[in-house]
Amino acid sequence: MSDTALDVAVASFASDVGDCDPVTISGLATRGGPVAGVRSVTAPAGVEWIEPAEMTLRCGAGTAVADVDAALREVGQCVGVPETGTIGGALSVGRSGIRRLGWGPVRDSVLQVRYVSAAGDVVKAGGPTVKNVSGFDLCRLLVGSWGTLGFLADVILRTRPLPVGERWFVSRRDPWELLGELYRPTSMLWNGETTWVLLDGHVDDLAGQVRRSGLAETDDRPTLPPHRWSMSPAELPSLQASDDGGFVAEIGVGIVHRCEPAPPRRHDPAMVELHRRIKHQFDPGGRLNPGIDVLSIT
Amino acid sequence: MTTDLVSRLRQRLRADQVRDADAEVNLYRRDASNMAGHPAVVCFAETTDDVRAIVQIANEFGVPFVARGSGTGLAGGAVPTEGAIVVSTSKMNRILSVDPVNRQAWVEPGVLNLDLSKQIAHLGVHFAPDPSSQQTCSIGGNVANNSGGPHCLADGVTSAHVLGVEVVLPDGSITTLGGEDPEPDGYDLRGAFVGSEGMFGIATKVCVKLMQNPPDVATMLLDFADVADGAQLVSDIIAAGIVPAAVEMMDQLCLQAVEEFIHAGLPVHQAAALLIEVVGLPGAVASHVDRICELAAHRDVGGVRVAVDDVERALLWKGRKSAFGAIARIKPNYYLHDTVVPRHKLPEVLAQVYEIAERHELLVLNVFHAGDGNLHPLLVYDAREPGVTDRVHRAGDEIVRVSVEAGGVLSGEHGIGLEKRELMPLMFSDVDLAAQSDLRRAFDPEMLSNPDKVLPSPAGCGDIHSVPEGAWV
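Protein chains in written order, with the numbering used here: chain E, 1 to 298; chain U, 1 to 473.
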């Protein structure tokens with residue numbers, strides 16, 4: 001099979017990454033920007049193809065999420081990657097958007113990746129089909145790895161139909177009662193007083209859910225504070241008593257958006273050792289995004 | 001050495017948890033594949049500490065170990081390496097906690113898949129992955145194989161439904177990968193562990209995500225005079241923005257075998273039928289059923305049967321799920337394959353599957369997850385016929401190759417195990433395989449946890465043991 005333009009760009013990207021000196025990757029600063037003082041490379045950009053009947057898309061990791069969204073919108077589809085920065089950046093950070101309750105985490109959108117390893121090789125992981133258990137799941141390992149194990153070059157993503165009739169609603173009712181009542185809400189946000197619910201679907205179903213649960217349509221949405229705390233969703237009710245309202249919690253998920261950064265967490269020695277061994281296997285010289293420790297990112 | 005090993009195990013576990021009599025050990029030579037190994041001893045773990053003790057002893061003696069749930073795997077993933085300790089988790093079968101509000105549960109790995117969904121049904125939730133073996137397969141086995149099932153089309157396979165795993169790592173340390181909170185620090189080791197076929201350690205507790213039971217369900221059976229029309233309809237439905245809960249296909253031989261078995265009024269004179277299930281709120285279900293019927297009319301659909309009640313719905317599903325039992329009426333043996341192709345390649349690859357079977361003078365039945373392009377050709381045969389097993393293996397090899405050549409993958413839900421490890425180079429380069437081997441070495445530097453699986457021999461260098469009986473590639 002002849003090389004596509006993307007194949008050529010990926011090969012060139014691999015050559016940019018090289019195999020010896022410290023190197024960092026930059027795009028649209030989803031991670032917060034490249035590692036300072038280190039040579040920087042940029043992943044290929046552009047949507048290679050969209051297969052609407054497969055619900056899959058291939059693009060360079062440097063493609064802006066907005067560009068992917070715009071291309072997919074033309075075929076009535078979208079992708080469960082948060083609307084920020086590049087695809088590669090969003091995957092390398094691994095943080096899901098506020099639709100995680102209904103759409104699942106960002107990691108589940110990834111079917112196949114090619115990445116450039118610390119040795120400068122192009123490595124493929126996963127497969128192009130929506131279902132695949134051939135070999136170990138390096139795709140999920142790479143999502144959220146902050147470019148410390150390899151630099152994403154291009155990806156095949158699973159897409160989904162654009163939601164029909166998606167609208168925000170608001171309620172003063174207990175969010176956990178609503179969670180029990182509503183069928184598959186896409187998102188539920190709660191600030192300790194008010195609950196915002198994102199629903200979509202058939203017009204009759206929406207009307208029925210709204211009526212039964214006493215929801216009111218709204219154009220307002222809470223502003224999300226900048227820092228993310230990750231809690232068990234079962235712990236969220238404790239926020240009510242102890243907090244002064246400066247949070248927005250994702251009900252049923254456990255992400256809490258707050259103004260202050262999350263306190264560092266302790267990790268058991270087995271977890272720390274496993275991380276050390278994985279990093280050592282994938283990047284023995286510590287040349288990829290040097291200085292980033294994935295266990296202590298806040 | 002086996003005597004010393006068994007003595008040492010009996011120091012740490014109760015005597016009745018450690019079995020080394022030939023009659024008992026021989027029961028653990030196989031899983032549901034046609035391959036067999038030679039374990040040294042079988043241990044029945046009851047707690048995480050039991051598992052840790054066994055793994056520590058395996059390290060002391062330098063012997064491999066393999067976790068085993070219900071032994072329903074089809075790719076030889078639980079076939080023990082020569083001299084291995086089999087660690088049965090079947091007695092670790094408690095549902096530890098259920099949070100019906102946030103829809104999470106902690107379970108032990110020996111809990112059976114269908115038992116979990118039955119025991120939480122009164123809470124209005126279920127565990128979505130539903131392999132055909134769901135009455136007997138264990139959650140631990142589902143985690144190891146990243147199992148699928150008919151209802152994984154809309155909601156994904158096991159990895160999408162596992163939030164966390166407490167594991168005993170191959171060095172005997174205990175940690176939790178992932179967890180109840182959505183964004184634990186560090187790498188997604190939960191994601192790496194799910195589907196690692198027992199090579200990254202042993203799961204001792206699993207935090208699963210539970211799904212809401214749908215308020216409305218429509219189950220439809222559509223039949224076609226031409227297999228290609230049914231296969232094309234699958235792509236039409238997805239392209240129209242409808243993702244049903246399940247889209248299953250059965251071809252004529254399968255319909256006939258099943259009909260003789262369950263008498264459900266299946267369209268036995270047609271070339272193929274699609275079993276489609278649409279779930280959700282009533283408005284969406286009704287509009288999706290209408291749209292699917294419209295699309296089907298453009299593909300020369302014969303009959304359209306929509307189950308009128310739960311009894312009929314259960315009957316149609318019984319037809320799908322009893323296919324493997326029904327097949328015994330045709331020939332005594334079968335070899336079940338598992339590959340995935342892009343949906344739009346289904347008509348082309350199905351035609352190739354029939355051609356391959358015919359050329360090898362074999363009967364093939366197709367009953368599979370058409371919605372995600374997951375083929376399950378069943379080669380049926382009588383092993384007593386001279387030479388037939390070789391033909392079955394050759395035909396199987398060709399089916400895997402045409403699937404990968406069509407842009408597909410080696411396995412959609414059975415895993416690689418022993419069965420397909422030597423076919424991995426069809427999908428992956430040496431560099432790709434070396435990366436997988438690197439991850440394995442990070443989890444298991446001593447290569448004691450279920451060695452010899454998944455990776456072809458050269459990439460797994462250092463863990464080459466004898467080829468098990470029945471391995472065909």
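Hint data in this document are derived by calculation from the structure and do not stem from the laboratory. All C-beta atoms in this analysis are idealised placements derived from N, C-alpha and C, irrespective of residue type, glycine included. Take the hints with a grain of salt, since some may be wrong.
What the hints assert, rightly or not - Just a few of them, taken from the derived set where beta-carbon distance is under 7 Å, the chain U residues facing chain E:
1) Y187
2) G191
3) D372
As the list claims (entries may be wrong) - Calculated Cβ distances over 10 Å to all of chain U for the following chain E residues:
4) G18
5) T84
6) W176
7) G285
Tested hints:
Annotation: interface hint on Y187(U) holds; nearest CB of chain E at approximately 6 Å, less than 7 Å. At its closest, the beta carbon of G191(U) sits 3 Å from a beta carbon of chain E; the interface hint therefore holds under the 7 Å criterion. Checking D372(U) against chain E: minimum C-beta separation of about 4 Å stays under 7 Å; hint holds. With a least beta-carbon separation of about 16 Å from chain U, G18(E) lies farther than 10 Å from that chain, consistent with its non-interface assignment.
For T84(E), the shortest C-beta to C-beta distance to chain U comes to about 15 Å, beyond the 10 Å cut-off, and the non-interface label holds. Not every Cβ of chain U is farther than 10 Å from the Cβ of W176(E); the closest lies at roughly 5 Å, contradicting the non-interface assignment. With a cut of 10 Å on Cβ distances, G285(E) stays outside the contact zone with chain U, its closest approach being about 14 Å.
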